[in-house]
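Sequential numbering of the sequence shown, starting at 5, is according to the numbering used here.
Just so you know, the hints here were simulated from the structure itself, not pulled from any lab data. Just so it is clear, CB atoms sit at the ideal spot from N, CA and C, and this is done for glycine as well. There's no promise every hint is true.
[As the list claims (entries may be wrong)] Ranges of calculated distance between the beta carbons of each label pair, as one might list FRET restraints:
#1 302 <-> 577: 34 to 40 Å
#2 331 <-> 376: 27 to 33 Å
#3 514 <-> 593: 26 to 32 Å
#4 355 <-> 593: 54 to 60 Å
#5 577 <-> 462: 27 to 33 Å
#6 534 <-> 213: 48 to 54 Å
#7 46 <-> 147: 37 to 43 Å
#8 434 <-> 262: 29 to 35 Å
#9 563 <-> 523: 16 to 22 Å
#10 331 <-> 31: 37 to 43 Å
#11 433 <-> 237: 44 to 50 Å
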Amino acid sequence: MTQVESRAAPLLASVSGPEELRRLPRHLLPGLAQELRTELVRSVLRTGGHLGPNLGVVELTIALHRVFESPRDVLLWDVGHQAYVHKMLTGRLASFGSLRREGGLSGYPCRAESEHDVVENSHASTALSYADGLAKAFALTGRRDRRVVAVVGDGALTGGLCWEALNNLGAAPDRPVVVVLNDNGRSYDETAGRLPQHLRELREGSAHGNLFESLGLCYLGPVDGHDVDAVERALRAAAALQQPVVVHVVTRKGRGHVAAELDEADRMHTVAPHGSVYDVPSRSIPPWTEVFGDELALLGDTYPELVAITAAMLRPTGLLAFSRRHPDRTFDVGIAEQHAVASAAGLAAAGLHPVVAIYSTFLNRAFDQVLMDVALHRSPVTFVLDRAGITGPDGPSHHGMWDLGLLGLVPGLRLAAPRDARQLRALLGECVRHDGPTAIRFPRGTPPAPMAAASRWGTAHVLVRGDGDVLVVALGPLAAPAVDAARALHREGIRATVVDPRWVSPLDPALVERAGRHRLVVTVEDNAPAGGLGDMLARALGPGSPAPGHLALALPDSAFVRAGDRSGLLRAHGLDAEGICRAVRKHVCAR
Numbered sequence: 005m006t007q008v009e010s011r012a013a014p015l016l017a018s019v020s021g022p023e024e025l026r027r028l029p030r031h032l033l034p035g036l037a038q039e040l041r042t043e044l045v046r047s048v049l050r051t052g053g054h055l056g057p058n059l060g061v062v063e064l065t066i067a068l069h070r071v072f073e074s075p076r077d078v079l080l081w082d083v084g085h086q087a088y089v090h091k092m093l094t095g096r097l098a099s100f101g102s103l104r105r106e107g108g109l110s111g112y113p114c115r116a117e118s119e120h121d122v123v124e125n126s127h128a129s130t131a132l133s134y135a136d137g138l139a140k141a142f143a144l145t146g147r148r149d150r151r152v153v154a155v156v157g158d159g160a161l162t163g164g165l166c167w168e169a170l171n172n173l174g175a176a177p178d179r180p181v182v183v184v185l186n187d188n189g190r191s192y193d194e195t196a197g198r199l200p201q202h203l204r205e206l207r208e209g210s211a212h213g214n215l216f217e218s219l220g221l222c223y224l225g226p227v228d229g230h231d232v233d234a235v236e237r238a239l240r241a242a243a244a245l246q247q248p249v250v251v252h253v254v255t256r257k258g259r260g261h262v263a264a265e266l267d268e269a270d271r272m273h274t275v276a277p278h279g280s281v282y283d284v285p286s287r288s289i290p291p292w293t294e295v296f297g298d299e300l301a302l303l304g305d306t307y308p309e310l311v312a313i314t315a316a317m318l319r320p321t322g323l324l325a326f327s328r329r330h331p332d333r334t335f336d337v338g339i340a341e342q343h344a345v346a347s348a349a350g351l352a353a354a355g356l357h358p359v360v361a362i363y364s365t366f367l368n369r370a371f372d373q374v375l376m377d378v379a380l381h382r383s384p385v386t387f388v389l390d391r392a393g394i395t396g397p398d399g400p401s402h403h404g405m406w407d408l409g410l411l412g413l414v415p416g417l418r419l420a421a422p423r424d425a426r427q428l429r430a431l432l433g434e435c436v437r438h439d440g441p442t443a444i445r446f447p448r449g450t451p452p453a454p455m456a457a458a459s460r461w462g463t464a465h466v467l468v469r470g471d472g473d474v475l476v477v478a479l480g481p482l483a484a485p486a487v488d489a490a491r492a493l494h495r496e497g498i499r500a501t502v503v504d505p506r507w508v509s510p511l512d513p514a515l516v517e518r519a520g521r522h523r524l525v526v527t528v529e530d531n532a533p534a535g536g537l538g539d540m541l542a543r544a545l546g547p548g549s550p551a552p553g554h555l556a557l558a559l560p561d562s563a564f565v566r567a568g569d570r571s572g573l574l575r576a577h578g579l580d581a582e583g584i585c586r587a588v589r590k591h592v593c594a595r
């Protein structure tokens, strides 16, 4: 792991682990909290990452590590993006300059980094189920001295998986799990649904009944989450109960950093590295997400049956513009992807056309609903998959590299991949006019410059006519490096045709027929190979195809792809222009 010299303040530098933290006199803890915040701001503004969530849990994290003895006691962080302070206090301060960089610290809990990270969670609402399983295992194996603590935000608590776990925990009074409810009123934006109102009533003392107690859990709180002493007292009381208990801790996202506290949008939930071009659009081309959002808002003016659904990510998925123009047709269901998709099926059954805007990796969680609630009924629902392919520094859990393999299994679903902003607008229009399920995928960042089609093979666009025996079929924006590769190969005397299929599933028969005429077909995709573009085309061509050669350039299926910037990871996996040239050259020369 990359080591970066720490410039932390003296008090923080003296804490090399939880043992030193527990030995610190109480009067020094406010100073330690301030030093942690200073280091968070200094480091995260340089590396990029989740700033607001971590600023909000500084005192809570200090208290957790003073009351419980990690790693004997297991500390779980739901979602995990708020575990930076936990990392600093468990021996990883010196490496913090490498946060979210290739070979450096993960932006989430990571078992390879430390024995204090027990699970590598980075999708929301899972920690309580982990806690339930760990507590059961400790009881069965005679390790009742090990306590399990799960920190879950009120935003994550909108996910149904949390309530499945609470339902089980409440029925097991001998399972002493401590659920720390970090209530800051937000996920990205304000927490959706009825839950935040109940939490507010609990904070104000005006609640008629307590939802957690009605499920059989003890309840302590609310507690000021920025008062270390108060949090410590509550946690010690919870541990002494020896049964499932919810400790309601009230915090403020972005606490202690003026810019974050004043940011009404998302309290600086994530920030780009200071002075970088990370996710910053060019002056002439807006990012993919913005192009989608603007076009959907315009389509909403034309098609009154269009409605938009987000799972707690209105701004990140580009739905803000639509919500402002059509607020009564925009629904935030909280961090509940399964519910989002099943609810969309209900909207479609009543004659509307829902657009579910979701990150590619998060759609994995709702595959059953896509298959059995949407596709089985041939419902006109459009899934807009942002962050498809390589996403960058968030790492393995956030790369959207499985959507083709999953959605290609769904009968009747059409899947599009635009190569540029102009095609995104055109294909989105085709999706919302279709009378069955559709999906459209695009990556993070800025689209390439528009690429004109030289001709068409059915719905596919021919971008370069090589008139040779090599065909390159490129997925979405990977058409740009494919075109560059074809031009470079042409200078070497290798003539290659480049085609953008536009609609990936099902592939147009005209494209399949033309592909069968070439001696070498190369598919290029930022997806796992199983079920991807190459797999689809190979199956469509069939074993009797006259094309003897097929190179499938894709992301690996034997390992998760590490964190890193998109261009670097595409290059590392041979999905840039030079990688395509190298693969074609090697095959042609071997013949």
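Each hint tested on the structure:
Between residue 302 and residue 577, the C-beta spacing of about 36 Å keeps the proposed range 34 to 40 Å intact. The beta-carbon spacing between residue 331 and residue 376, approximately 31 Å, falls within the hinted interval of 27 to 33 Å. Look at residue 514 against residue 593: about 31 Å separates their beta carbons, and that is inside 26 to 32 Å. Checked against the hint of 54 to 60 Å, the pair residue 355 and residue 593 passes, with Cβ atoms roughly 58 Å apart.
For residue 577 paired with residue 462, a C-beta distance near 29 Å keeps the hint of 27 to 33 Å intact. Between residue 534 and residue 213, the C-beta spacing of about 49 Å keeps the proposed range 48 to 54 Å intact. Range check, residue 46 to residue 147: Cβ separation about 39 Å, and the 37 to 43 Å hint holds. Our hint of 29 to 35 Å for residue 434 and residue 262 is violated, since their Cβ atoms are close to 46 Å apart.
Between residue 563 and residue 523 the Cβ separation comes to about 32 Å, which falls outside the hinted range of 16 to 22 Å. Checked against the given bound of 37 to 43 Å, the beta carbons of residue 331 and residue 31, roughly 50 Å apart, lie outside it. Here the CB-CB span from residue 433 to residue 237 is close to 59 Å, at odds with the stated 44 to 50 Å.
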